[in-house]
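Undergrad: Sequence:
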Amino acid sequence: MTVVKSCIGMNVKDVSNLSDVSSVFSDLPESVKKVLLQSIFNNTGGEVVVNKDGKKEILGVPTDTALLAFGLALGGDFQAVRQASKLVKVEPFNSTKKRMGVVLELPEGGDFRAHTKGASEIILANCDKVINSNGETVPLDDASIKHLQVTINEFAYPVRPGVKESVAICRSAGITVRMVTGDNINTAKAIARECGILTDDGLAIEGPEFREKNQEELLSLIPKIQVMARSSPLDKHTLVKHLRTTFDEVVAVTGDGTNDAPALHEADIGLAMGIAGTEVAKESADVIILDDNFSTIVTVAKWGRSVYINIQKFVQFQLTVNIVALIVNFSSACLTGSAPLTAVQLLWVNMIMDTLGALALATEPPNNDLMKRPPVGKRQNFISNVMWRNILGQSFYQFTVLWLLQVKGESIFRLDGPDSNVILNTLIFNTFVFCQVFNEISSRMPIAAGLKKIPV
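To get the working numbering, take the position in the sequence shown, counting from 1, and add 537.
The hints are simulated quantities; they were obtained by calculation from the structure and are not laboratory data. Here a beta-carbon is modelled for each residue, glycine too, at the ideal position from N, C-alpha and C. Be careful, since some hints might not be right.
[Unchecked claim] List time: in silico SDA-like cross-link candidates among lysine to any residue, alpha-carbon distance up to 20 Å:
(1) K701 - T724
(2) K570 - T602
(3) K701 - K909
(4) K909 - I848
[To be verified] For each label pair, taking beta carbons as the anchor points, the in silico distance ranges come out as:
(5) R619 - R781: 45 to 51 Å
(6) S843 - F950: 43 to 49 Å
(7) V696 - I846: 57 to 63 Å
(8) V625 - V696: 35 to 41 Å
(9) N918 - N859: 16 to 22 Å
(10) G874 - L941: 16 to 22 Å
(11) E658 - Q917: 44 to 50 Å
(12) P912 - E816: 27 to 33 Å
(13) N859 - F950: 25 to 31 Å
(14) A899 - T795: 48 to 54 Å
(15) L756 - F975: 25 to 31 Å
Given these sequences and hints, build the entire structure.
TA: Quick look at the structure:
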């Protein structure tokens, strides 16, 4: 995050290039500059330290580091300003008040000065005076506010590379991405549009407005919500709870703060940030994202779908093998008095064919086509109708071949003699084993899907 525009002394100037900040504000009165640097370097949770290489390094949350970098670019000395100031009281930033403040005791005359920063609408609502370009304090009326920059400093929130593409992948996979933030609604909407979260038919709403809605209004409102700004932890928890219970959705929640813990616990899948996340958030989450990257969440979804589908393939393969073996042995025992597949042969099939075949299905890596399929609902059966079709179709095919050999095998292959029955059973067993090759292919990739791609 960086400061890109600043309003100092009623003058709005572009400061995208921090190296030009000193020259841009060269005409700034020293009194104004002193107060500004006093505010930046004292009213912060960040620090400016010197690393092993002798270079200055800024530590803290993105907003604090951006402001400190701006103060250093103005020519300020962090340590000198801090040492010259006597800190009396600190009001830490919290998600309810949306502001932070400090009170300093001035060396001249023992007076006090309060510095505050925070959300524009909250700060301006408590201001009635402003310092003009001459360093004079003048009344701040409604007309002045209209011509005043939204905040003293305007920040650019850089979106991480790949986030927009990841949101698009989620959308194609049937995953709805919603942004719930404590930021100003205009900031939230701008970032959401840049990421592709907020669409033309989507709704952006503020937390206080969301809390005023009754149950009936929420039923029609929640499906449209794509951005919720100025939200409280309770708003996030309420949204997650309604999506899970009222709309029966599978909900994944990301969070890094202690206040996110209730929503992380309420969600089907809680995703905590491994770098920026607090210990409370990590304890409440199911998955910890080690690199704090949204693209990793998409990878998690892709692997989750891959594991689910691979288990389905494994189950389809195993059920087909067991159904065919059961029907062949049972029907043959009832009609002929003997079973063609012995216990040792079935054990061999289970140890070799089922183990290696199932392992090949279960370890198949994910592909991008998985994120083009609709998600699986909570109430959807694990064994789908397509799986039953494949199981019954493959079982019917195998049983037909094996039963034909059982009934007509001796005449077809002209088997005669005392060992004819042993040879026939061996032929049936080997045919049964080779049938599992087709079963493996059918389980891995439905034949019908492949036939549709063949040009006629």
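Undergrad: Hints first: check each against the structure and report whether it holds.
TA: Checked hints:
no.: 1; hint: K701 - T724; result: 17 Å, holds
no.: 2; hint: K570 - T602; result: 19 Å, holds
no.: 3; hint: K701 - K909; result: 17 Å, holds
no.: 4; hint: K909 - I848; result: 19 Å, holds
no.: 5; hint: R619 - R781: 45 to 51 Å; result: 48 Å, holds
no.: 6; hint: S843 - F950: 43 to 49 Å; result: 44 Å, holds
no.: 7; hint: V696 - I846: 57 to 63 Å; result: 31 Å, violated
no.: 8; hint: V625 - V696: 35 to 41 Å; result: 39 Å, holds
no.: 9; hint: N918 - N859: 16 to 22 Å; result: 19 Å, holds
no.: 10; hint: G874 - L941: 16 to 22 Å; result: 19 Å, holds
no.: 11; hint: E658 - Q917: 44 to 50 Å; result: 45 Å, holds
no.: 12; hint: P912 - E816: 27 to 33 Å; result: 31 Å, holds
no.: 13; hint: N859 - F950: 25 to 31 Å; result: 28 Å, holds
no.: 14; hint: A899 - T795: 48 to 54 Å; result: 39 Å, violated
no.: 15; hint: L756 - F975: 25 to 31 Å; result: 50 Å, violated
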